[in-house]
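Peer 1: For the protein sequence lines, the chains are E and V, in the order given. Position one of the first sequence corresponds to residue 1 (the UniProt record's numbering), numbered consecutively onward. Position one of the second sequence corresponds to residue 1 (the UniProt record's numbering), numbered consecutively onward.
Keep in mind that the hints were calculated from the coordinates and are not lab data. Being a predicted model, the structure only gives us computed values, none of them experimental. C-beta atoms are modelled at their ideal positions from N, C-alpha and C, and glycine is treated no differently. Take the hints with a grain of salt, since some may be wrong.
Claimed, not checked - Here are a few chain E residues that face chain V, going by a calculated C-beta distance under 10 Å: (1) N151; (2) A191; (3) Y193; (4) L198; (5) G207; (6) A343; (7) N377; (8) P433; (9) K443.
To be verified - Below are the EDC-like pairs computed for lysine to aspartate or glutamate, each with C-alpha atoms no more than 16 Å apart in a straight line: (10) V:K61 x V:E14; (11) E:K159 x V:D107; (12) V:K61 x V:D176; (13) V:K159 x E:D165; (14) E:K61 x E:D165; (15) E:K159 x V:D165; (16) V:K159 x V:D288; (17) E:K61 x E:D107; (18) E:K61 x E:D176; (19) V:K159 x E:D107; (20) E:K159 x E:E13; (21) V:K61 x V:E13.
Given next are the chains, with one letter for each unit.
Number of protein chains: 2
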Amino acid sequence: MTTSEQDALRVLEELLPADIVVADPDVIASYARDQSRLTDFCLPLAVVMPRTTDEVSRSLKVLHELGIPTVARGAGSGLSGAANASPGCVVLSLHRMNEILEIDAEDRLAVVQPGVITASLRAAASAVGLLYPPDPGSVEMCTVGGNVSTNAGGMCCIKYGVTGDFVIGLEVVLADGRVMRTGRRTVKGVAGYDLTRLFVGSEGTLGVITEITVRLVPGPPAAQTLVASFAGLSDAGAAVAGVIRAGLTPSLMEILDRTTVQAVDEMSHMGLGRGVAALLLVQSDDRDATDLLTLIEDICQQCGALDVARSSDPTEAALLLEARRLALPALERLGDWLLDDVAVPRSRIVDLIGAIEDISHQFGIVIGVFGHAGDGNLHPTVIFDDADPVSRAAALAAFDAITQKALDLGGTITGEHGTGRLKRAWLVRELDPTSHAVQTAIKAALDPHNLLNPAVAW
Amino acid sequence: MTTSEQDALRVLEELLPADIVVADPDVIASYARDQSRLTDFCLPLAVVMPRTTDEVSRSLKVLHELGIPTVARGAGSGLSGAANASPGCVVLSLHRMNEILEIDAEDRLAVVQPGVITASLRAAASAVGLLYPPDPGSVEMCTVGGNVSTNAGGMCCIKYGVTGDFVIGLEVVLADGRVMRTGRRTVKGVAGYDLTRLFVGSEGTLGVITEITVRLVPGPPAAQTLVASFAGLSDAGAAVAGVIRAGLTPSLMEILDRTTVQAVDEMSHMGLGRGVAALLLVQSDDRDATDLLTLIEDICQQCGALDVARSSDPTEAALLLEARRLALPALERLGDWLLDDVAVPRSRIVDLIGAIEDISHQFGIVIGVFGHAGDGNLHPTVIFDDADPVSRAAALAAFDAITQKALDLGGTITGEHGTGRLKRAWLVRELDPTSHAVQTAIKAALDPHNLLNPAVAW
């Protein structure tokens, strides 16, 4: 820590309540980074842990006056490095602001603080017969504030959409400590620019979100589940295309490639079979789910499925979905991993998976592919040995090749994880120069001194 | 026209293709305003009618250099004065850019120019078995570009959402003529700030939209229809609340109050009955619509419905919906009208309608209420005599009282029509000062010389 940083820390401790400023090296070490791999991070100067909007506002005012950069943080479960500490920064952790302030069953909405765990909100909604659909993989540990800041997805998006589709209002503290509200409690409203959507997915670069109003939907019946295995990737791709073409909308449609299926089988001994080139997992929570899954089963059979299993029992369904849940843990056993998050138009999924197989051969590196087939959003997972510079270089090169391929196929560098540190440099390859200039102009308009998550801001 | 305006017009005619600059007084008169009432407007300097993005870009470059304000315009069917010409402005009419560029059935999306009539896009989607849901009242004449610029709603929103929920990408020309793209063709994507949503609903104040990519949904079965009449407003309100509480989501749920029902009956002799205090119109296009409408019929009966009629026949359904379609034309026969567009949390609809009845008595003025009960978005229509200053003043006072009441009930000044000229001054009463300052900062960042729709910009 430099002398000026020590001075700043002293001022911070003087001006803010003593129990919200933490500079203990053991504590701050655990706030240095999120769950991403191969992204830059460092130790923050301190961690500020506010309990109220007023404390967030006071903290940002002080940090603004001191010119100290601030990185807001939820649970740190992100996969793009958007919550990684940057040089000389303070991490602002929202974990103490974890109250569900309101569940309004009549108007079907909830008001929560940013540190509420997503699964807790889902449980609270469920208790009154409603559903908060967003279900990122980290649903049991991630926070609603983090989900909003990254516009997190999950497995339900094919039917329900992403986090941002449920956010109708926010309370936000700006870089200089001013507090504002966006949006409203009504389901419709067009007064002024849509600032709610501007903050959704902005990765803490425009303000710190201190309260979130989300809409809830009627609680659906228990989902029914179908798992189909295929001997060829193109067969599974044809089944996905067939489902879309038939105008069917399941509530989940996930795909696992051969590498992932084998890794899962080696870990779990589920007996998925060596001849399986792709596994398709489908759920429906429609009122007529039985009919819907029968139509989807027919499509799978027509596309040459090796085997189709179905269940309407929740316990059995959980077993059928186990392969998807185990995808990353199973691949993790093969080595270090670097998880990608590209998305392509739905019709190009098979092209993308095929290209990833080629990239795997080209770089002599294992890549497991799983993800949200119904959204065209895949998570190719590059397996490498972090201790071996050659392997590490190959992993990064393969990762880049996959990301470029997604762009070439008319897709995006990130479907749901965000750019963060991991893909910040890629942004200029997706956005045209004018669009990028507008992004920069908006950042400058809201945070003229570039103090909010400067290492991530685009 | 002042001398400097004449000079500017000459330069414009010199620098732009001759056939896209129109200064003929008869023509420009028809581009002076939209369909709103009691909003300011004037004759524009000229109307520019570009045919391509390049012509829009060249036009804005020239106008930018000349410092001439520009008001972009679709069909001019708006109800808030957002397309009204302001002093010394040029109206940029997008009506010649009316091509449907692409309907991609496999990826379920469409790419259109801004001047495409909304009904044409719906027909083109329908031809390949898909649905473009947005259905504003003016669907047969309004343009997709205008819908995007106002984030238009309609009757389908209770199930499908508003225009912005379907827009996934835009091409936009900025104030200085630079062309940019926002969004993408994938269903998910989080690279950079959500500029698409920033332009949606921005009423031409941030840029001119020259291309729109929308997502389409599977074409639903033909809708089934139910109409229920009630002797008391609170009975109808209880039915609406009952439908929401039961977790049922029809594709349409509209309400008409006593004044509107009587006006429709006097015009159409539909025999709606003098004892009717409220009419509820419901549709479902779910696969199990019959079951859904049976549940809703039961709820209506339990809430004391006088009469319930149902039909699955499209022709009969259209007749049942006729009362809603005739609401504004029927009220129009009673005098001049001023249409409001407030929205409240769904649970407060009956409170709002009750308050409007009180306001009607207080100001001694007829107010018919109809609108989207399922969204809490109502269109109270104040009837007055424009030739009588006393009546006009009463109408404006009643209009203000209704708008204030919506805010008091936790609602918004505009659910789907936008602020435009009509409610520009109200914006500061809905937004807090910091939120308003951020709106202004964004406008300044994108259009520093305030040339795009300056009379509307907030």
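Peer 1: Which earlier hints can't be squared with this structure?
Peer 2: 14, 17, 20
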